[in-house]
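Once you have looked at the hints, place chains B and C on chain A.
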Amino acid sequence: MQDPIAHSDSTIGQVEVKETTCYMCACRCGIRVHMRDGEIRYIDGNPRHPLNKGVICAKGSSGIMKQYSPGRLTKPLRRKAGAERGAAEFEAISWDEALKMLEERLGRLRAEDPKKLALFTGRDQMQALTGLFARQFGTPNYAAHGGFCSVNMAAGLIYTIGGSFWEFGGPDLERSKLFVMIGTAEDHHSNPLKIAISELKRRGGRFVSINPIRTGYSAIADEWVPIKPGTDGALLLAISHEILKQGLFDRDFLIRYTNAAELVIDDPSRPDHGLFYRAEMHVEEGCFDPENKLWWDRNIDGPISTHTPGADPRLMGSYRLDAEGGIPVKPAFQLLKERLEDCTPEWAADTTGIPAATIRRLAYEMGVTARDQKIELPIPWTDCWDNEHPSVIGNPVSFHAMRGMAAHSNGFQTIRALGVLMTLLGTIDRPGGFRHKAPFPRPIPPCAKPPHGPEAVQPNTPLDGMPLGWPAKPEDLFVDPEGEAVRIDKAFSWEYPLAVHGLMHNVITNAWRGDPYPIDTLFLFMANMAWNSSMNTSEVRKMLVDKDAQGHYKIPFLVVCDTFASETVAFADLVLPDTSYLERHDALSMLDRPISEYDGPVDAVRIPVLPPKADCRPFQDVLIELASRLRLPAFVDGAGRRKFRDYADFIVNYETSPGSGIGFLAGWRGKDGDKVLKGEPNPKQWEMYAKNGCVFHHELPPSYQYMRNWNKGYLHWARAHGMIRYAEPITIHLYSEVLQKFRLAAQGKWPGRRPPERLRQRVDTYFDPLPFYYRTLEDQLVDTTRYPLNALTQRPMAMYHSWDGQNAWLRQIHSHNYLFVNPLIGRKHGFADGDWIWVESAVGKVRCMCRFSEAVEPGTVWTWNAIGKANGAWGLGSKADESRKGFLLNHLISEELPPCEAGPHLSNSDPVTGQAAWFDVRVRVYKAGPDEPRLTSPQFDPMPLLPGQEPRRGKWQAYVAGVFGKK
Amino acid sequence: MHPAFSVIFLTTLLGAGQGLFLAIYTGQLYALARFLPRQDDQFYAVGSLVALVLLVVGLGASFFHLGRPERAWRAAAMWRTSWLSREVIILPILMALVLAYGIAHWMEWTQPWFPIGEALDVDATLILGLLGTIAAFALFVSTAMIYASVKFLEEWHSPFTVANFTLLGLASGFMLAAAYSAYIGNPLVPFFGTWAVFWTLAALISRAAHLMRNARLQHKSSAQTAIGIRHTAVVQQAQGATGGSFNTREFFHGRNEATVRFARNLFLTLVFPVPIMLIVAAYLIASPTLPILAFAIQYLGLLAERWYFFAEAKHPQNLYYQRVA
Amino acid sequence: MTQLALVIDLNVCVGCHACVTSCKEWNTSGWAGPMVDENPYDASPTGTFFNRVQTFEVGTFPNTETVHFPKSCLHCEEPPCVPVCPTGASHKRPDNGIVLVDYDKCIGCKYCAWACPYGARELDEQQKVMKKCTLCIDRITDATLSDRDRQPACVLACPTSARLYGDVHDPDSEVSVAIRERGGYQLMPEWGTKPANHYLPRQKIRMHISADELTRVDNPLRKEDLTTYTGEETLDDLAW
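Protein chains in written order, with this note's numbering: chain A, 6 to 972; chain B, 19 to 343; chain C, 63 to 302.
Take the hints with a grain of salt, since some may be wrong.
[Unchecked claim] Derived lysine-lysine pairs resembling DSS-like cross-links, with alpha carbons at most 25 Å apart:
| id | chain 1 | residue 1 | chain 2 | residue 2 |
| --- | --- | --- | --- | --- |
| 1 | B | 169 | B | 238 |
| 2 | C | 256 | B | 169 |
| 3 | C | 285 | A | 250 |
| 4 | A | 379 | C | 266 |
| 5 | B | 238 | C | 256 |
| 6 | C | 256 | B | 332 |
| 7 | A | 960 | A | 932 |
| 8 | C | 190 | B | 332 |
Derived from the structure by calculation, the hints contain no laboratory data.
Excised from the complex, chain A in its bound form:
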């Protein structure tokens, strides 16, 4: 054998390194693809990329096996004439035929009623384009998977502090001294969070994880605090209670930067009860919070305009304004104090399962760290009220939270409680605390609004409004005159008023039922709605094939675009083969969900390193082709001629409006590439990205990097560069007047729109302007003595985002899954580690194997998400572990609540945001019978190989730089 020291890749073949951006999950690290003789030899992290700094994860390292997976689709497919939908009997057709079919069908829908098209996409991160297409087409029925994923996290914090976690902001672990992670396991925000947590630990920072389960990041926490699922709100309120009681809050921060000291009208008899008292002054209309509110000054013992120099407002107490014969008012903080009065640690201990002493200690740790370990950076900055600050102060307590808090029907208020706690500690956009990422902070709520009524949808006309937006008052809802939904998913209706990411999880059920109306074409991109991207999967699969009395499918036409033969592909009438991430152009755009760092905006691109496989075509190219054929205004010139050759061309040349200077990419704009964020299109933009590792990183000057909600310099810079419309301070909504407006409408006090009768109670209850804890809706409506356990799912890090059952390397790590239970549960129900058991919820049951674990709270059972696959999907053999031993918990989770006063078919979602409440599910477990097959249940008919799919691989394979076989 050759001496390894004499061995060098460079002598074996033609070596070439191409940079692009990973897409093995939604994290989007920079990667280097090392090619040998034109084939992929090795993919590693790009050391000059700001996001991952050269590291890479298990998935990123397995990109090769995704590229060469036999699960790939390679040809457009049409359901065979006469074949039943779901049987996966297809014939290959040409792209010309496929596009013609779509052009005709969509053209007809657009001319008749554009909302007959519903376009829903998975975790695509090209919402800037897909959203533009939907809007231009004229349909409001568009969303990505956010409603199914973590919209509570986005909405709960954006409606409170003007930013949120992951793409929008995160914990500054470089400077944090205490880091508290709640409801996050192994995923969001993958590599950067791993890097940051390890740095925090190396620097001696303390890391506390609050989670029912101890895996992943929690494993290396200094302390694990097990909590009952869905009770985080109670914990956070009890911690806040202690913070207030001990006086551990940051008074100065609350006064200057939040609405804590602002006076709220406190007279239930008044129609403006619960709104801020606003002094009469000239206020320009706009989407910002005008500063016409009052403080109660302790020096003059009377009202005074907020931020009056020298004023020292009261945070507590109740007062009376002289106007209108005396208006009782209280500072918002006083209302919060009253809300927290009964939220003692003892109260929370029962609910959360965490001892009161632990809750108290956590509160003290947070409060004392924030107060006594202050960081002062010698960075001068100026606030919006022209106060010069010689330094930036940080209270080094930080938090990270994700789906564990979000995916509950009480998630929005729970996350509001987290925002309030972070605010009490004074940690917003400060060193060591929470930090924003561009384009955040944005106004509370941001300016984009959904359309306001059915008239926004007109034939052959773009939608009047954004398909998704941020309602600030009842008038911003998208409802008809009866107050009922206009969107197929009922987002922005009174059922889910702040459904800012839509409700993808109810689209199929609603379309099947024809409620609020039937649609014609359901167009799914990279959304596995017949499997892990739906709740109640078994029933959803039936709906997809259900027919009306005339024998027509209730959802007449289903188009699926995907890279792989997913479970959903089997149900398509038309299948469009997408490329892999190594075969296409992409923009991780500031218009969508960029990858900004705390120190400034970052966006990135993908540049193909390989040609598309067979007939695969990038979905974006297909959309632009369709948009051009349909002559959607943004895609054609005045004469109706096509404007963009393909997506690469579109990315460079598209401007949000003529001459706006804002396009899909923020870097190297302007004719010579010397402008950032805003500037005319640059024909050489692709080359400049390619030269710079496919990433654009604009580092802000230090004085613009902190306190951005109130940082005058930053806000003006952001406005000048087209990131926000107003350079006004973004005051933190400790008290949410926005929610109160909806509540007043429910109480019949709002002068404008009011909810339908059946929803009044619901809106009144859940639109509380102060965070509160309530039992999840499922807990309220399901027999919890019969179903005593909570069932959760997590994504393992090696399968983060669960896209990779088809990956030969990753599936060896997780080819099947177990239900993890505390041994106490097994002993109680008479089964042993490894036994086959049934997990049963109110809507279904699943048979699986169990695994005892001491790292799970005894009231919780859990499993790795979506390891289980349907038989034959994803290019796997019919005996694959994924279908025989793997299982999907989604079968147990209803997409709708049991009928209740608020309606017979409400989504099983947060009543504020429509976030899918899939962590609410209650189950029971029992041992499977001795004669039952050792096979997971339910099982589905095997999905056959599709035309164009690679034949089954042999018994073994060995990969050597693009070649399978022996060396």
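Positioned in the frame of chain A, the structure of chains B and C alone reads:
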């Protein structure tokens, strides 16, 4: 450990072959000393041919154990450190000696070369037999030491392993010699039978002692030393692969405890009491078939013994491969 | 003499398996490849890996520690797998202490695997030779790579930098310092194999707040020391 049938056959066939050769040669020595009637050369020639066949078949079985049998010749390289290498060197030497011994008898090259004292005429067969005996014992030691020298396999890492391999090889070889004698109807059956019973009893003592030792064995390694965390409760949850790996295939027998116990009881019955009783019965009723049956049963028992030998051994690497999730 | 090795920091390993697959993708196309996958898309997929991440639970609920535990060849200073090898295929390099297998000499007898208490060697089920971690010897000695890239693939990949790489015989190397200062330990020291790879234990950071630290003179509640007088009788009205 996973009991590989190639190795089970390799060690039992070699043992029986070595034992048979030693039995034949012992018979020759006794005859030389006139304790036994002298047999014609064909008896020794055929006997050693049978021994050679066993050695060859054993060697053949060993090739099934190798991933790359075509390179087996390379295995002689590291005789300074590797018992496996030593076995690989000694086995062909023994085979050559057994062959030469058999040929010498077949060709009746029995003219004395020189006398020692008055009674002992030294001929080629005597020299070859003596060298063969040394080689056979060396082979017992090196075969057994392959296992006994692996200190991580504490069930094996014991002089008992060498004693058992040797004694069980001798027992089965002498048993085969008795069966051979019974088959051709010569009067050596009681001689070989008695020796076979003796070796079987000796093996029983050694093997039983080995079992008792292993039953009391305290393994040096534990989950705690495996991962270096000192706590009373260390439980594996995942081994990083759900579909199995070389580590789960090579080091685990994959059978339940009852099967392992059954194998132990089976070999304790078939290797020791049954053949002894059959030999005694054969002696009493002068049966020509019972010794053959005794060997056949003992050999089957030895297969079970060797299976159990592997199954019983717990490799410390198994501490890393306890559970899948 | 140089002894290259890895030091694994269990204090920060989150069990992400990045080291597992980055190792596989580098080595399958490198000097030590290919690394076969059996049943790649069917039941019980299994293949050759040089590195695995395992998970252990320590203690009982609620005092449970979840420990992620990466394991690869430890490049022992007294490698028991080397002397048992009958062909000399298994060897320890004198120049850097890496234990390697020469695939051209290996006969696939698996004896070295028996002689390794750590289960660090895996037989390639198609090539039928023993394979194991090489510390990416074809990377770390490749002069055409940059200094930064001349490290094992797993080390470069690891998002938490839980894998340190260097010469454990050089007392000033990063790995030696870590072993010395952080209580680096060897696996199964009872066998005297002297693994070159070491593991760094968990370290806990706790916070201590004494009662007198809780309240400070500048407690903001002092600014809100409000009482409300609603007209009820007080001593002030009655006493003289």
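These are the hints, each one checked on the structure:
1. B:169 <-> B:238: 10 Å, holds
2. C:256 <-> B:169: At roughly 15 Å apart (the allowed maximum being 25 Å), residue 169 of chain B and residue 256 of chain C satisfy the hint.
3. C:285 <-> A:250: Holds. Residue 285 of chain C to residue 250 of chain A sits at ~14 Å (cutoff 25 Å).
4. A:379 <-> C:266: 22 Å, holds
5. B:238 <-> C:256: 16 Å, holds
6. C:256 <-> B:332: Distance of about 22 Å is within 25 Å: holds.
7. A:960 <-> A:932: Between residue 960 of chain A and residue 932 of chain A the Cα gap is close to 35 Å, so the pair fails against 25 Å, i.e. violated.
8. C:190 <-> B:332: 24 Å, holds
Checked against the numbered hints above, the structure violates only hint 7.
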